[in-house]
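A.B. asks: Keeping their order, the protein sequence lines are chains F and P. The first sequence runs 5 to 117 under my numbering. The second sequence runs 4 to 117 under my numbering.
What the hints contain is simulated information worked out from the structure, not anything from laboratory work. By construction, the Cβ of each residue, glycine as well, lies at the ideal position given by its N, Cα and C atoms. Just so you know, not all the hints are guaranteed correct.
Going by beta-carbon spacing under 10 angstroms, a handful of chain P positions derived as facing chain F [claimed, not checked]:
no.: 1; residue: Gln9
no.: 2; residue: Lys20
no.: 3; residue: Tyr22
no.: 4; residue: Tyr25
no.: 5; residue: Tyr38
no.: 6; residue: Val51
no.: 7; residue: Leu64
no.: 8; residue: Ser67
no.: 9; residue: Pro97
no.: 10; residue: Thr102
no.: 11; residue: Lys104
no.: 12; residue: Ile106
no.: 13; residue: Phe107
no.: 14; residue: Lys114
no.: 15; residue: Val115
no.: 16; residue: Ala117
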Amino acid sequence: SQTIHQWPATLVQPVGSPLSLECTVEGTSNPNLYWYRQAAGRGLQLLFYSVGIGQISSEVPQNLSASRPQDRQFILSSKKLLLSDSGFYLCAWSPAGLSWEQYFGPGTRLTVT
Amino acid sequence: ELKVEQNPLFLSMQEGKNYTIYCNYSTTSDRLYWYRQDPGKSLESLFVLLSNGAVKQEGRLMASLDTKARLSTLHITAAVHDLSATYFCAVDTPLNSGTYKYIFGTGTRLKVLA
């Protein structure tokens, strides 16, 4: 069966510090991968998605970047965090190809102070 | 731009009562999703509605989809405290790469009072 992991679960970082959030998927090959963000009291918004190694598409302009160095690894990064980067970050995956069903990870709570 | 709107945003209800959460979306979509989120937790998939007229039920929750009206409802029957959570609906829309992204509603925060 497939599982999705996110690391870390919670993170408190000062403004201006770097960020690296990791997402890994097990039990599947060549998944589509997604990063969503949930700002406080709001719904989720897609930030980035990837359909293959090294292929990253951005949905919204922002202070963050994403990378996919391995088939089942998706990383969300920032060089300098802003207060507005605070939120709950969810990684998701879907099977390769034209698949509409996405499966969400446990999430990372990021607080920028 | 595809928009998904839920109402109400907040719902406080007594145990044993019935209520309905509404989800409207602004463009055609073949599928609609309902999720539950507990505080600090990820999304728990409740229902995936795949076609017009679809109705699914699980316990005290029943979801339906009317694609012509672009409306989905989540009906709560005889609410219990354990149903207290935030409920999200979402629709999917195709991306250029051949995959999909989800557009989420703003959520309905449900509090069931004993």
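A.B. asks: All hints, please: hold or fail.
C.D. replies: These are the hints, each one checked on the structure:
1. For the restraint placing glutamine 9 of chain P at the interface with chain F, the shortest Cβ-Cβ distance is roughly 8 angstroms, inside the 10 angstroms limit, so the hint holds.
2. Because the smallest distance between the Cβ of lysine 20 of chain P and any Cβ of chain F comes to about 25 angstroms, over 10 angstroms, the interface hint for this residue is violated.
3. Below 10 angstroms, beta-carbon pairs count as interface contacts, and tyrosine 22 of chain P has none with chain F, the closest being about 20 angstroms; its hint is therefore violated.
4. The beta carbon of tyrosine 25 of chain P comes no nearer than 15 angstroms to any beta carbon in chain F, farther than 10 angstroms, and the hint placing it at the interface is violated.
5. The beta carbon of tyrosine 38 of chain P comes within 8 angstroms of a beta carbon in chain F, closer than 10 angstroms, and the hint placing it at the interface holds.
6. For valine 51 of chain P, the shortest C-beta to C-beta distance to chain F is roughly 7 angstroms, which falls under 10 angstroms, so the interface hint holds.
7. Checking leucine 64 of chain P against chain F by beta carbon gives a least distance of about 19 angstroms; that is not within 10 angstroms, so the hint is violated.
8. With its C-beta approaching chain F no nearer than about 19 angstroms, serine 67 of chain P sits outside the 10 angstroms limit, and its interface hint is violated.
9. At a threshold of 10 angstroms, the smallest CB-CB gap from proline 97 of chain P to chain F is about 8 angstroms, leaving the interface hint in force.
10. Hint on threonine 102 of chain P holds. Least Cβ distance to chain F is approximately 5 angstroms, under the 10 angstroms limit.
11. The closest approach between the C-beta of lysine 104 of chain P and any C-beta of chain F is roughly 4 angstroms, which is under the 10 angstroms cut-off, so the hint is satisfied.
12. Residue-level restraint check for isoleucine 106 of chain P holds (minimum Cβ-Cβ distance to chain F is 8 angstroms; threshold 10 angstroms).
13. With a cut of 10 angstroms, the hint placing phenylalanine 107 of chain P at the interface with chain F holds, because the nearest CB-to-CB distance is about 4 angstroms.
14. For lysine 114 of chain P, the interface hint is violated, since its Cβ never comes within 10 angstroms of a Cβ in chain F; the closest pair sits about 14 angstroms apart.
15. Proximity of valine 115 of chain P to chain F is violated relative to the hint, the smallest CB-CB distance being about 19 angstroms (cut-off 10 angstroms).
16. Below 10 angstroms, beta-carbon pairs count as interface contacts, and alanine 117 of chain P has none with chain F, the closest being about 25 angstroms; its hint is therefore violated.
Violated hints, listed in ascending order, are 2, 3, 4, 7, 8, 14, 15, 16; each of the other numbered hints is respected by the structure.
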